[in-house]
Amino acid sequence: GAGVSQSPSNKVTEKGKDVELRCDPISGHTALYWYRQRLGQGLEFLIYFQGNSAPDKSGLPSDRFSAERTGESVSTLTIQRTQQEDSAVYLCASSLLRVGPKNIQYFGAGTRLSVL
Amino acid sequence: RKEVEQDPGPFNVPEGATVAFNCTYSNSASQSFFWYRQDCRKEPKLLMSVYSSGNEDGRFTAQLNRASQYISLLIRDSKLSDSATYLCVVNEYAGNMLTFGGGTRLMVKP
Chain A
1 GAGVSQSPSN
11 KVTEKGKDVE
21 LRCDPISGHT
31 ALYWYRQRLG
41 QGLEFLIYFQ
51 GNSAPDKSGL
61 PSDRFSAERT
71 GESVSTLTIQ
81 RTQQEDSAVY
91 LCASSLLRVG
101 PKNIQYFGAG
111 TRLSVL
Chain B
117 RKEVEQDPGP
127 FNVPEGATVA
137 FNCTYSNSAS
147 QSFFWYRQDC
157 RKEPKLLMSV
167 YSSGNEDGRF
177 TAQLNRASQY
187 ISLLIRDSKL
197 SDSATYLCVV
207 NEYAGNMLTF
217 GGGTRLMVKP
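Chains as they are written, first to last, in the numbering used here: chain A, 1 to 116; chain B, 117 to 226.
Source of the hints: derived by calculation from the structure; they are not laboratory data.
None of the values given here were measured: they were computed from a predicted structure.
It cannot be assumed that every hint is accurate.
As the list claims (entries may be wrong) - Straight-line Cα separation of at most 30 Å, DSSO-like style, residue types lysine-lysine; simulated pairs:
(1) B/LYS158 - A/LYS17
(2) B/LYS195 - A/LYS102
(3) A/LYS57 - A/LYS17
(4) B/LYS195 - B/LYS158
(5) B/LYS158 - B/LYS118
(6) B/LYS225 - A/LYS57
(7) B/LYS161 - A/LYS102
(8) B/LYS195 - A/LYS57
(9) B/LYS161 - B/LYS225
(10) A/LYS57 - A/LYS11
(11) A/LYS57 - A/LYS15
(12) B/LYS225 - A/LYS15
(13) B/LYS158 - B/LYS225
(14) B/LYS158 - A/LYS11
(15) A/LYS15 - B/LYS195
(16) B/LYS225 - B/LYS195
(17) B/LYS225 - A/LYS102
(18) B/LYS161 - A/LYS11
(19) B/LYS118 - A/LYS57
(20) B/LYS161 - B/LYS118
(21) B/LYS195 - B/LYS161
Chain A extracted, bound-state conformation:
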């Protein structure tokens, strides 16, 4: 497809379980971002991958969260030992490596995670 694809679209899990969320960026986009959005809240930055550089993990809320990206393709966000406060929509975005007004991020539809 032409856009950012995320899977699954919805995930219900039990507290304490691990979950893995997937993001397929737009082909050719070297930058990839993960955000978290709790109900009624703004976007919370989690992690940023830029080409082959070391990722910016400054937004990860705890060591239970990790993410990987293989080259300039798929990324997975893993949450270990999920807690109820992890319930949120996890959004992935990708962009070309540009600055200025052309630095546009394109978002996937998100994964809605519910931790029971």
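Starting from the known structure of chain A, fit chain B onto it as the hints suggest.
Below, chain B without anything else, positioned relative to chain A:
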């Protein structure tokens, strides 16, 4: 203090009204600015980039005031379909990192 601040609203306006949102940012070295729109339970989508001289796209006008560190969005002749949350976004540093404001919710009523 948040890096990008917006009035969360909601702004309730009748169809046809003109409505304006402001957004303030804390980093005077910020590079570029955007407005994104997010519909309920949907992902954010770019509405428009904000240029230093101000720019207009149909009913939407964006302005940047670097001295006062704020960005504005003006919507003229509001439509029901304009109902959404409007996110102010700032590229604070060289590179691709964007910082999102918490959003301003707009509800246009018949």
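Are any of the numbered hints broken by this structure? If so, which, sorted upward? Result: hints 6, 8, 12, 15, 17 break, sorted rising.
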